[in-house]
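Peer 1: In our numbering, the protein residues as written are 823 to 937.
FYI, nobody ran anything at the bench for these hints, they're computed from the structure.
Beta carbons are placed, not taken as given, at the ideal position from N, Cα and C, and that holds for glycine.
A couple of the hints might just be wrong.
Pairs of lysine-lysine, DSS-like flavour, derived with a Cα cap of 25 Å [to be verified]: (1) K929 with K852; (2) K908 with K886; (3) K929 with K908.
Between beta-carbon pairs, the in silico distance windows are [to be verified]: (4) N905 with P863: 20 to 28 Å; (5) K886 with G830: 15 to 23 Å; (6) N865 with Q823: 27 to 35 Å; (7) Q835 with D876: 29 to 37 Å; (8) Q835 with R922: 38 to 46 Å; (9) D887 with V920: 24 to 32 Å; (10) Q861 with T924: 16 to 24 Å; (11) S936 with K852: 36 to 44 Å; (12) N895 with S936: 33 to 41 Å.
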Amino acid sequence: QVHLVEAGGGLVQPGGSLRLSCSASGINFKLYTMDWYRQAPGNQRELVATITSDGITNYGEAVKDRFTISRDNVRSRVFLQMNNLKPEDTAVYSCHVVARSTHFWGKGTVVTVSS
Numbered sequence: 823q824v825h826l827v828e829a830g831g832g833l834v835q836p837g838g839s840l841r842l843s844c845s846a847s848g849i850n851f852k853l854y855t856m857d858w859y860r861q862a863p864g865n866q867r868e869l870v871a872t873i874t875s876d877g878i879t880n881y882g883e884a885v886k887d888r889f890t891i892s893r894d895n896v897r898s899r900v901f902l903q904m905n906n907l908k909p910e911d912t913a914v915y916s917c918h919v920v921a922r923s924t925h926f927w928g929k930g931t932v933v934t935v936s937s
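Use the sequences and the hints to build the structure in full.
Peer 2: Written out as structure tokens, the structure is:
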């Protein structure tokens with residue numbers, strides 16, 4: 823069984839920062855590309871950031887230069903450092919991996935950016 827558990831969401835003011843984490847189990851973590859997605863109310867889910875097993879990263883246009891994805895292969899965790907947060911970053915942020923031809927998602931963590 824593959825399990826992904828996110829943590830670190832919360833309420834933050836515009837311009838603030840948050841660091842999300844996702845703990846993975848049930849996979850040989852270091853071999854897999856990991857992603858962060860987000861979904862705001864009434865919107866489609868969008869890809870926020872990706873990190874490959876080799877540490878190559880890619881970001882959605884809306885978060886480039888503000889968010890940083892990283893991974894800890896020893897502890898099987900992936901992180902999303904979010905800086906200069908904007909109200910439009912408000913969403914449920916979920917961790918994702920494709921393993922054994924199956925998509926796995928965490929339950930998500932809520933990020934609210936508001937003054």
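Peer 1: If you check the beta carbons of Q861 and T924, does the distance land in 16 to 24 Å?
Peer 2: holds, 20 Å
Peer 1: Tell me if the beta carbons of N905 and P863 are separated by a distance inside 20 to 28 Å.
Peer 2: holds, 23 Å
Peer 1: Given the range 36 to 44 Å, decide if the beta-carbon distance of S936 to K852 lies inside it.
Peer 2: holds, 37 Å
Peer 1: Is K929 close enough to K852, meaning Cα to Cα at most 25 Å?
Peer 2: holds, 21 Å
Peer 1: Starting from the range 33 to 41 Å, see whether the pair N895 and S936 falls in it by beta-carbon distance.
Peer 2: holds, 35 Å
Peer 1: Please test the hint of 38 to 46 Å on the beta carbon pair from Q835 and R922.
Peer 2: The hint (38 to 46 Å, Cβ to Cβ) holds, given that Q835 and R922 are roughly 41 Å apart.
Peer 1: Check the following: the C-beta atoms of N865 and Q823 are separated by a distance inside 27 to 35 Å.
Peer 2: holds, 30 Å
Peer 1: With 24 to 32 Å as the target window, see if D887 and V920 comply at their CB atoms.
Peer 2: holds, 27 Å
Peer 1: If you draw a straight line from the CA of K908 to the CA of K886, is it 25 Å or shorter?
Peer 2: With Cα atoms ~13 Å apart, K908 and K886 stay inside 25 Å; holds.
Peer 1: Given the proposed pairing of K929 with K908, does the C-alpha separation stay at or below 25 Å?
Peer 2: Answer holds: K929 to K908 is near 23 Å, not above 25 Å.
Peer 1: Should the hint that Q835 and D876 are 29 to 37 Å apart at their CB atoms be regarded as holding?
Peer 2: About 36 Å separates the Cβ atoms of Q835 and D876, which means 29 to 37 Å holds.
Peer 1: Confirm or reject the claim that K886 and G830 have a C-beta distance inside 15 to 23 Å.
Peer 2: holds, 20 Å
In summary, the structure agrees with every hint in the numbered list given earlier.
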